[in-house]
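Chemist: For reference, the chains in residue letters:
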Amino acid sequence: MIEVRKLVKRFGLKTVLRGLDFDVQPGEFVALLGPNGAGKTTFLRILSSLARPSLGEVKIAGYRLPGQAAAVRARLGVVSHMPLLYADLTAEENLRFYARLYGLQNPEPRIAEVLEMVGLEGRRKDLVRTYSRGMQQRLAIGRAVLHDPDVMLFDEPYTGLDQDASTMLDIVLKSVASQGRTVVMTSHDLARAEDLATRFDVLSHGVITASTSREGLGSSNVLTFYKQSLDA
Amino acid sequence: MNSPSLARSSFVKAVAAIVQKDLAAEYRSRELLSSMMVFALLVIFIFNYALNLEPSVRAKVTAGVLWVTFVFAGTIGLNRSMAVEKDRGCLDGLLLAPVDRTAIFFGKVISTLIFMLLVEVIMLPFYGLFYNVNLFNPGLLLVMLLGSIGYVVVGTLLSSMAVQTRTRDILLPIILFPIIIPILLSALDASNGFLNHLEFDLIQPALGLLVALDVIFTAVSFMVFDYVVEE
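Protein chains in written order, with my numbering: chain A, 1 to 232; chain B, 233 to 463.
In short, the hints are calculated from the structure, not lab data. Some hints could be false.
Cβ-to-Cβ under 8 Å is the rule here; a few derived chain A residues that face chain B [to be verified]:
| # | residue |
| --- | --- |
| 1 | 70 |
| 2 | 83 |
| 3 | 85 |
| 4 | 102 |
| 5 | 105 |
| 6 | 120 |
| 7 | 158 |
Between beta-carbon pairs, the in silico distance windows are [said to hold, decoys possible]:
| # | chain 1 | residue 1 | chain 2 | residue 2 | range |
| --- | --- | --- | --- | --- | --- |
| 8 | B | 413 | A | 163 | 41 to 51 Å |
| 9 | B | 455 | A | 55 | 19 to 29 Å |
| 10 | A | 23 | B | 396 | 23 to 33 Å |
| 11 | A | 217 | B | 458 | 53 to 63 Å |
| 12 | A | 35 | B | 282 | 40 to 50 Å |
| 13 | B | 458 | A | 23 | 39 to 49 Å |
| 14 | B | 396 | A | 37 | 16 to 26 Å |
| 15 | B | 281 | A | 125 | 46 to 56 Å |
Note that CB positions come from ideal geometry on N, CA and C, so glycine has one too.
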């Protein structure tokens, strides 16, 4: 579903990604782990067509980036630590706006379905500015799945959430992943990554330095795997 | 429906969605219009006392004072319009949509233009009141429309660049004002012509130049917007 070959991204003289290779099969949930400044967010921004690669090849669902970016974007749902929502619109109005941008025909039943999925049907007519951070993040996930994308990218979705909001987000994320979508999530929360993902990749100094499936962990855990791959 | 008309339809729908969203958000917050309006009113008020002119001279400076007011108030509008998109990551939300990115540009241009024209139309009677000048001239309204189109087109493109920086509020006027000088000078010439009731043949060159500049700046913005917003 995602194929990345020898990806390089430079910002001026600084090289952030250094010939990164990455493959994700349909239905996989990949947790992308790594220290701050490793290039995780830059990598996700390239996958989501918000940044251009300096060199290398990126294909999502068979479409190349940046050449076929519009086709990629139609199959992509992105959630970051920013909500990407308008504070002066209601939840319903935000989703209706994005439904129009994604060209959804008859969006109202889908909007109702998504609001129910993220548990906000009772607050659908409230302005987003009145929402807590956790509610905004759940609505952000609703926005990202509105057009039923094949691939979901989550960039640190737990940032700024308290324990209750994180638990609620767990439920929503599991629901999103259980629908057969391909998911790539960056996170510093190793316990949550271990709970959700089927594969764990470590990105360090601009390349993938280690990768293992859930089965590959054996009796070990993600924390041990992560520390070993950084020490190596 | 064949594919070119499908593409055209989705382009138009995306532009309409962005304009409608901006109008709905502004209807709720009233932040942008009120700040532009108050600022424009203050500029007119300050000029009125600072210049302290004879009634006959006042008519001669009308075009200059009006356009300085519109440009200053417009900068507030441009900054605010893009800041709303950037602050909560909404610009990324727009860029992630599978629409031609120039639809985003034109959507933002049209909504900012609506706000700017609203401020201009409301400011005219106030100006007339302060300066005792009759400004209800169809020619002047045409120049205001053409000048504002050029100003907002260039301003939207540059504010989408400036908004990516930490110094966006300061940066926009610094990069915008030198570029809009040709638009501003043509608008001033044409406005003066209409206000002084010159023959249309004498106003036509400035008006023609203003139209040409609008077309050129729109075409250039159309071509480069995608590159400006992508990292």
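Chemist: Give a verdict on every hint.
Modeler: Here's how the hints hold up against the structure:
Of the supplied interface hints, the one on residue 70 of chain A holds, with its beta-carbon coming within about 5 Å of a beta-carbon of chain B, less than 8 Å. Hint on residue 83 of chain A holds. Least Cβ distance to chain B is approximately 6 Å, under the 8 Å limit. Nearest Cβ of chain B to the Cβ of residue 85 of chain A: about 6 Å, under the 8 Å cut. The hint holds. Given the 8 Å rule on beta carbons, the hint for residue 102 of chain A holds: about 6 Å separates it from the nearest Cβ of chain B.
Interface hint at residue 105 of chain A: violated, since its Cβ lies 11 Å from the closest Cβ of chain B, which is beyond the 8 Å cut-off. Annotation: residue 120 of chain A was flagged as interfacial toward chain B, and the flag is violated, the nearest CB pair being 17 Å apart, outside 8 Å. Of the supplied interface hints, the one on residue 158 of chain A is violated, with its beta-carbon coming no nearer than about 16 Å to a beta-carbon of chain B, more than 8 Å. For residue 413 of chain B and residue 163 of chain A, the hinted distance range of 41 to 51 Å is not satisfied, since their beta carbons lie about 57 Å from each other.
A beta carbon spacing of about 25 Å between residue 455 of chain B and residue 55 of chain A agrees with the range 19 to 29 Å that was offered as a hint. Residue 23 of chain A and residue 396 of chain B have their C-beta atoms about 32 Å apart, which keeps the hinted 23 to 33 Å range intact. Taking the beta carbon of each, residue 217 of chain A and residue 458 of chain B are about 43 Å apart, not inside 53 to 63 Å as hinted. With their beta carbons about 58 Å apart, residue 35 of chain A and residue 282 of chain B fall outside the hinted range of 40 to 50 Å.
For the pair residue 458 of chain B and residue 23 of chain A, the supplied restraint of 39 to 49 Å is violated, since their beta-carbon distance comes to about 28 Å. Remark: the range hint 16 to 26 Å for residue 396 of chain B to residue 37 of chain A is upheld by a beta-carbon distance near 20 Å. Restraint check, residue 281 of chain B to residue 125 of chain A: a C-beta distance of roughly 48 Å satisfies the suggested window 46 to 56 Å.
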